[in-house]
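Work out the full structure, taking the sequences as your base and the hints as a guide.
There are 2 protein chains.
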Amino acid sequence: MIRFRILIEYDGGEYVGWQRQTNGNSVQETIEDAVFEFSGARVTVEGAGRTDAGVHALGQVAHFDLDDGPDALDSRTVLNALNAHLRTENISILNAAVADGDFHSRFSAKKRRYLFRILNRRPPPTVDKGRVWHVSQRLNARAMHRAAQALVGRHDFTSFRSIHCQAKTPVKTLDLLRVTRRGDEIRIEAAARSFLHNQVRAIAGSLKRVGEGKWSESQMREALEAKDRSVAGPTAPPEGLYLVSVEYDD
Amino acid sequence: MIRFRILIEYDGGEYVGWQRQTNGNSVQETIEDAVFEFSGARVTVEGAGRTDAGVHALGQVAHFDLDDGPDALDSRTVLNALNAHLRTENISILNAAVADGDFHSRFSAKKRRYLFRILNRRPPPTVDKGRVWHVSQRLNARAMHRAAQALVGRHDFTSFRSIHCQAKTPVKTLDLLRVTRRGDEIRIEAAARSFLHNQVRAIAGSLKRVGEGKWSESQMREALEAKDRSVAGPTAPPEGLYLVSVEYDD
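Respectively, the protein sequence lines represent chains A and D. Quick note: the first sequence uses our numbering, first residue 78, plus one each step. Quick note: the second sequence uses our numbering, first residue 78, plus one each step.
Think of the hints as simulated: they come from the structure by calculation, not from any bench. Do not take every clue at face value.
Identical chains share a label here; the pair holds if one copy fits it or two copies do between them.
[Stated by the list, open to error] In silico SDA-like pairs for lysine to any residue, Cα to Cα no more than 25 Å straight-line: (1) 206 - 158; (2) 291 - 223; (3) 187 - 245; (4) 245 - 183; (5) 187 - 260; (6) 206 - 131; (7) 206 - 161; (8) 206 - 194; (9) 187 - 177.
These figures come from a predicted structure and were not determined experimentally.
So this is what it looks like as C-alpha cells:
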C-alpha cells in the first residue's frame, strides 16, 4: 500500500461541497472517480477540510491509498493522471507526493488557514462574481480588525458554530484573525489548528455587523461570551470563503 | 444635452466584445439598452477601448448624452439606474459623472493601461478559469521583461497589429511594458496613449516565446523591426487581458 498526499485547488461554486453527498457532485467523489479511472481502484479520498458547497480551496490537502507492488504508480504519474481526468472539472491537483503510512490529511494537520473576501462597494462584482461576498454598505475594516482580536486565543466558540457541527467540543484555539482593506476589498484571514463547522463564516457575518456600525467593537466579545449561536451575526455566504492552506509538521 | 461619463467593470467572457455586433450581446449594446430602459432615450454609448470578445475591463470609460431640462437626471440617479438594469449582467457601473460637452471617452484619452495575466503552472486554473491565460511550460519572467524593453518608446508596431486593425498609422508610443512574476502568475502591464488592435495580445504571445526560451531576448527587437505580423508570435487568448484604466487630463 502506498499513501499519496495531494494538494488541491477548486472553485466550489459547481460542487455540493468537499464531502460526498447524495444531492450532487462533491469534490471528494469527483476526485475518487478520477482515481478509479486511471488506477481501477475504488479509494476513499480523505480531505483535511470539509468545505461546504460554494466554498473554494486554494490549498486543500487530501490522501488516499493505492496498491504497492511492481506496477505501483509514482507520484508524478498520479499527478498527471488526476489532472488529465479532471480536465472538464473545476478541480486541479497542484501537487502529489508519497506520504508516510501514518500521515492523515485531517488528523495530522497542525494548522489550517482560511481567507474570507468581501467586495465592499455598491456595484455588484463582475470578474469576481461567485468569488467574493458582495457588501454594499461601507464597512470600517479597522473596527472589524480590532473587534476580531477578542476571538483570538482559546475559547468556547459555541456562538460561531453551526447547529450541524459534529465536533466533540466547541473549544478551539484561534491563532490569527486579521482584517485588512485593500481598495474595495476587505480580507479576513483566519488560522487555527482546526475550526468548527461554519466558524469562519459566522465570524465574518458578525464582523460585518461591527464594520457597518450596527455592533460596537465590544459586542464581538459579548457574542463570544454568550455561547449562544443566536446572539452572533448571520453566517456569511460561502462564495467569499477560501481554504488557503493546511500545514503539517513536516 | 448633458454628457455623462461612466466607469465600467465587466467580465468579457459572456460578451462578443465592447462594440455592437450582429452575432451576439456586446457590452456597448447591453449598456445602451439599460440607458433606454430607465430614460426612454436611444443613445450611443461610446467607449474608450474597443475590447474584443473575452477581454475583461476593470476600468473602461464611456460617455453618452441625455436630454437637459427640468426632468434632467443627475449622475447619482444614472449610476443607480444603470446598475439596477444591469443586475443580471456581468457588467457593473462603478461611477457616473457629468462631463464637459467636449469630453470624448475615446479621443480625449491620454493614457490606457492594460494588464495581461498568465497562470504559469501545469495544472489548469480553477478559481481563475476564464480570467488568465494558462501556460503550462515554465516561463522566465525576467527574460520576458528584459526583451519587452525593446518595444518601449515610439515605434512602428506593424508586427504586433491585427490584420483587422483600422488605425490610420501603425506608429504608437508604448510608455510602459513591465513583466513581473508573483508565484505562479506572470503579469504583463502595458501603458500607452492608444494601442493598435490586438497589440497587447500579440506582444503577450511573443513574450511567451522569449519566456519559454524559443526566442532569444533580442528576437523581440528583431520582430519589431521586421514590421511584419507573421514574424512575431501568435496572438495570446483574450481571457488573460484586462483594460485596467483610461486616463484623461482632468
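Now the hints, each set against the structure:
1. For the homomeric pair residue 206 and residue 158, the shortest alpha-carbon distance between copies (20 Å) is at most 25 Å, but the shortest distance inside one copy (31 Å) is not.
2. Taking the shortest alpha-carbon separations for residue 291 and residue 223, only the intra-copy value of 15 Å comes in at or below 25 Å, while the best inter-copy value is 52 Å.
3. With identical chains, the CA atoms of residue 187 and residue 245 are at most 25 Å apart within one copy only, with a shortest distance of 18 Å there and 62 Å across copies.
4. When the C-alpha separation of residue 245 and residue 183 is checked against a cutoff of 25 Å, the pair qualifies only within one copy, where the shortest distance is 15 Å, while the shortest distance between copies is 62 Å.
5. Only between protomers do residue 187 and residue 260 lie at most 25 Å apart by alpha-carbon distance; the minimum there is 24 Å, versus 33 Å within a single protomer.
6. In this assembly of identical chains, the alpha carbons of residue 206 and residue 131 lie at most 25 Å apart whether taken from the same copy (12 Å) or from different copies (15 Å).
7. In this assembly of identical chains, the alpha carbons of residue 206 and residue 161 lie at most 25 Å apart only when taken from different copies (16 Å versus 27 Å within one copy).
8. For a Cα distance limit of 25 Å, the shortest separation of residue 206 from residue 194 qualifies both inside one copy, at 12 Å, and across copies, at 18 Å.
9. For the identical chains of this complex, residue 187 and residue 177 are intra-copy neighbours only, at 16 Å inside a copy versus 60 Å across copies, given an alpha-carbon limit of 25 Å.
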